[in-house]
Every structure is written in structure tokens, then in C-alpha cells.
Amino acid sequence: MVLSRVKPQTSAASSLRRLISGRSIVVAPGVFSPIVAQLAERAGFKAIYFSGGGFANLLGMPDLGVTTMTEVAEAARRVIYVSQLPLIVDVDTGFGEAVNVMRAVRELGRAGAAAAQIEDQVMPKRCGHLEGKEVVEIDEMVKKLVSAREANASEIIIIARTDARAVEGFDSAVERAKAYL
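Those letters in the sequence shown? Residues 8 to 188, by the working numbering.
Calculated directly from the structure, the hints in this document are not laboratory data. Keep in mind that the hints are not guaranteed to be accurate.
Unchecked claim - Calculated lysine-lysine pairs in the DSSO-like style (CA-CA distance at most 30 Å, straight line): (1) LYS185 - LYS53; (2) LYS150 - LYS140; (3) LYS185 - LYS140; (4) LYS185 - LYS150.
Whenever a hint applies, use it, and build me the whole structure from the sequences.
Spelled out as C-alpha cells, the structure:
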């Protein structure tokens, strides 16, 4: 029964770090609600991914960056409540500038998220599978990542994602990935 579950003593971030440091690929299916998270756990997955696109669609909206930080944090909290699996949360572009990223990371840390994934598109962002994306300057994304790290008292993992390959080409995507480390 869900209400009788006890959370493990290990933090979600520690669990995810242990998983990704292994030799196996970690498959984290996209979830957007507590019931889908429970299904993923029962199916034997070791981690789950809170899909920004899936969540926007659940709310009847397109994946264009229209969900808010508080909506995402609350929905992630609900997923974390019913699942033992470490949750990676898609925070799109971080809900604004560096200061907004800082708050998002703090809220997700309080919720118990294992990781926050931040992408480098301009706002309003577009679904990663669609044409017409634009990316921010490298320095702007680096500021967001530094802000995320500074806000990270809970030690959740910060994942930087770039959409530059589709916009600027492969070499630019590699350059950005190196800068984001």
C-alpha cells in the first residue's frame, strides 16, 4: 500500500549518483503523474524522468515552456511521494533567468528530487523535437548553471542539456557541453 511505504535513508541524489557511476546504461522512462511513476517502478526501472513535455500535455498544453516552476515542483513532489525511485526533473529553461533557476533548484531539492535538467533554449522554449528552436548565449546558460550549483544545498544533480546541434550544428553542441561542465 502506498501510504505504508517508507522512504530510504539514502538521498535520491546519492541513489542516482550510484546508478550512473556504474557500468550499465540507466534507462529512466518519462513520467508525468504519480500513477505512471508507480507503473515504471513496478516494471523494474531504477530511475524515472519527470517529462516537461508529458506534464504540459497532461495539463492540456503544448510543450512550449508554459508550465510554471510551482506547478512542476508540486507535481514532482507528488511523484516523489509515491515512488522509491530517484526522479530527474525537466525544468525546461529554468523558468527564467539565473535567479529563477536558483529558486527552482531549491524547491526541487526540498521536494526530494534527485536531479534537475536545465536546457539552453531561449524563452519561450519549444519542444526539443520541433523545428524553430533558438538557444541562449553560452555565457547566459553558464550563469544559470552556476546559480543552480550555488543554490544546491540539497546536493541534487544538475544536468545541462543543449539543443544547439539542431540550431548551430554538432561542433557548437560540443563546445557548449564543454562550457557547461
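How the hints compare with the structure:
1. LYS185 - LYS53: Holds, at roughly 28 Å.
2. LYS150 - LYS140: 20 Å, holds
3. LYS185 - LYS140: Holds. LYS185 to LYS140 sits at ~21 Å (cutoff 30 Å).
4. LYS185 - LYS150: 14 Å, holds
Hint compliance for this structure: every hint is met.
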